[in-house]
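**Q** Starting from the structure of chain A, add chain B with the ligand where the hints point.
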Amino acid sequence: MKIIKAITSGFQRSARASKQILVVWLINTLAISLLIVPFRNLLVNEAGNSMAPDLLKGGTDLAYWLDLMPELSGPFTGFMIGLLALIGVVWLLGVFLSGGLFDTLRANSCGVTIGDFFKASAQLFFPYLWVTLMVTGLIIISALLLLAAPAFILQGGGSLNEELVMKISEILRYVFMAVLLIWLLVADYARAWLAAADKKRVFRALGYGFRATFTTFFTSFLFILFAVALQALLTWGGVTLTSGFQPETGGGLFLLFLLTSVLLILRIFMRTFRYGGITSLYTMG
Amino acid sequence: MIYRISLIVIVIIWSSCINGQVVLDEPLSSRLTAYNIDARLNADAKTIHASMEAMWVNDSPGEVPDVQMHLYLNAFRSNKSTFYLSSGGGPGLREIDYGYVDILSLSDSRGEDLIGRMEYIQPDDGNEHDMTVLRVPLSEPVQPGDTLWLNIEFVSKLPSTIRRTGFTGNFFFVAQWFPKFGVYENRGMGGLETDGWNCHQFHNNSEFYANHSVYNVNVTLPAEYVAGSGGMLIDEQEMGDSLKVISWRAEDIVDFAWTAWPDYQVADDTWEHVAIRFLYPPGREDQVERQMQAVKNALEYLDERVGPYPWPHLTFVDPPAIGGGAGGMEYTTIFTSSSMTGIPEWIHMPEMVTVHEFGHAYFMGILASNEFEEPWVDEGINTYWETRIMDHYWGPDKGLVNHPLFWLSDKMMQRLRYVKSPMRFVTDNTPSSWEYPHGSYGMMSYAKAAVWLNTLEGIIGTPVMDEVFREYYRRWGFSHPTGRDFVDVTNEVVKRLLANSFPDGMDWFFDQTLYGTGDCDYRIAGITNHKGRSFRGVMQSDSGMVVQEVKDKADTLYYSTVRLERMGEVMVPLEIMVWFDDGTTVTREWDGKSRYSDLEFHGAAKITSARIDPEMKILMDTDISNNSMTTEPDHVPVRRSVRKMAALIHLFTQLLTI
Ligand SMILES: [Zn+2]
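Top line first, the protein sequences correspond to chains A and B. For what it's worth, the working numbering labels the leading residue of the first sequence as 1, then goes sequentially. For what it's worth, the working numbering labels the leading residue of the second sequence as 286, then goes sequentially.
Okay, chain A solo, but in the shape it has when bound (with noise of 0.2 Å):
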């Protein structure tokens, strides 16, 4: 019944938080639109009057890229580090917020200002910093062992049987979701402890994430399972509305900008739901 309790909790305290999503995803879209905004009014000003961008319609003509990329191998460069670095400052910026929503999460009514929401991720953004980088690393350990290691078993291997190594790295691969899942209600014990501690002891914080994780783990277990599955159905569905909406107008593209903005939106809310019910399955200890 907790699981329940949990669910609508969660749907209760995020939605409350509607003002705050909105916010976050105002502020991706715009880190994102520095980069590339600049980028395709290049890429229009290189296209210029030649009709070789036909080889878009209807699908990509890969060729159309390929032909492109020495021509632009400078600012292509620069695009990529450009990338690099917002998806850095992107990650950053995950990390503040989420100090602003768990925040936000914990009260009990709408009154939790945008004034309120930026203050509760300054206080909270070195907490979280640690306790984001520590559970990043766990994460990027455990996808080494359980990914990446049986590829390389199979470089090295003189006599190895392929189709083993290929069975054994698929059940790897489930191993590794759910070692991923733990890892994520760990994250979320800690913030959602720290955004209600006085003081914000990021190790006191990981503890009671552990603790907590493993004391209520049947519990913990669904429901992050049940929302990160939510989260993933949006990335698929994010995926495939991206990729396969192929508008040949400008109000199609003004569409396809809408569509893609509200399944965003909805990413968003997913993954402050999940913050939701970690931080009401923590009030009801």
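Since the hints were derived computationally from the structure, they do not count as laboratory data. Ideal Cβ positions, reconstructed from N, Cα and C, are used throughout, including at glycine.
Quick list of simulated restraints, FRET-style, between CB atoms:
| hint | chain 1 | residue 1 | chain 2 | residue 2 | range |
| --- | --- | --- | --- | --- | --- |
| 1 | A | L92 | B | T870 | 52 to 60 Å |
| 2 | A | F257 | B | T870 | 32 to 40 Å |
| 3 | B | S527 | A | K167 | 24 to 32 Å |
Listed next, the in silico DSBU-like pairs over lysine-lysine satisfying Cα-Cα at most 30 Å (straight line):
| hint | chain 1 | residue 1 | chain 2 | residue 2 |
| --- | --- | --- | --- | --- |
| 4 | B | K838 | B | K816 |
| 5 | A | K2 | A | K19 |
| 6 | B | K878 | B | K780 |
| 7 | A | K5 | A | K19 |
| 8 | A | K57 | B | K891 |
| 9 | B | K902 | B | K891 |
| 10 | A | K57 | B | K705 |
| 11 | B | K581 | B | K902 |
| 12 | B | K902 | A | K57 |
**A** Structure of chain B with the ligand alone, referenced to chain A:
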């Protein structure tokens, strides 16, 4: 005459060697060489101990005082072999890593021991560490029409790093493994001034050259091994001691390779008269169907457009990951592909490798050009046919990648390899394979040659191109054509079938492409549309000079121009398609010779756009973005791509935010 008789006798002898079984009813080549090999695989020592009877017919008008043979495995004998000097690195650190051929005995048909006469020569680079070419001066020269018989006992040690040939664990791919005759070339062949052996060293960037031969090969190996070869399976017998003997016979092929691995899975199928066997590792069942389809498509396409595939057997191999180095290589009736479990259907890389390596059965197998000296004649021509087959069976623009949302043609991929390479000016297509400068070998001999061959097809048309190849096959099948022979056949066919357009043949084309280094690039420099004007000017009248306007309907017409420019050195004839704002189109031709040309139009409609080479016949044009121009550019496709990129980046960053 003597030569004729001896040849026939030999053909009879060799044709009835084992159980009287033959592969082909009639010999397809002159069968100047033949090999009878009894080999035993030592799976632990990674060696093959063999005794071999080798036969060579002196087909030349003069006597021949010596014999030259390839000992390819000696490339893996040290890090100073010519092979490793050009590739860098070395065979390895452990004894088991090295590869070599150790000749234990060598005698002629009279039993004379020739082992003391053996010497290693280095005709290409004088590198004294290279032992890949063996020369044996004979006690008596071989007379014209006579046959030389050699009995050779040797041990071939396979290298541990598979570079086409070698072993990993219990996987063996055994190629270039026995002492093999060079080609004795006669005066006049490819412009030669004297007769002589053509026997090059083993280079990193070179393949092979050999006569069409008959092979009778018996291999003894552990019974648990599954084996395949370029020969037809004659017999397989258990021997006791957990050993078995496999007997193969092959006719009119230029090399004999075989492979053995206990874990091979076997799939059999047929295409018309050809029994196809596919050897693949367990777990890759998902690749079998597509690989079989690929090889059947290639068989069908080349059989129809070039000439018949004469052998009744064909084996191909998808090596396991541990033997990946054997992938993507051809030995006529056995070749290796390359794939992986789970490669999605829309990526046609495995099919591409299969189609390519099979194609070598024609371009190198049947048309046995000298791969050392003219790599474009096999690799370039074969890559050209690969692009045609891939883009024919897997979609015109989608030969390599065919996803509903994005795609790429094989033709375009080869074009990009060439036009985007900064080395495309360093040389033409004439160097020997190991002499291509600055690492340009692959790009030049595969991609550039395939691209100018595609361009040639664009200019003379597909039916004429197919006739060129049919004639090339008819005339040069089962012998040794040179690049010049291909050019001559092309000229002849073009003069015959396209006498009006190209009465002098195509030398002007080959001079600029095969023998030239220039770029081909045309562009549209501009489109202008000027409204015509009625006359307005000073005219004499009764009252003196007055300004008058004479309405002549000219102001309802447009004077429009498409400005064309030739940016590169290469000159080819072109078509230009022009679109008008009333929906009509006009196609004009231009010989492409002058530096610029203005196409002028005069009518009621304005030009909206124009495109040079609308059907992309001139594949070698290095920049296609300047081939077209429009007065109403549509930026939606580019903006859409960027919009999607932004959304995907956003989604991705969300994935990273835990
Ligand atoms: Zn090839």
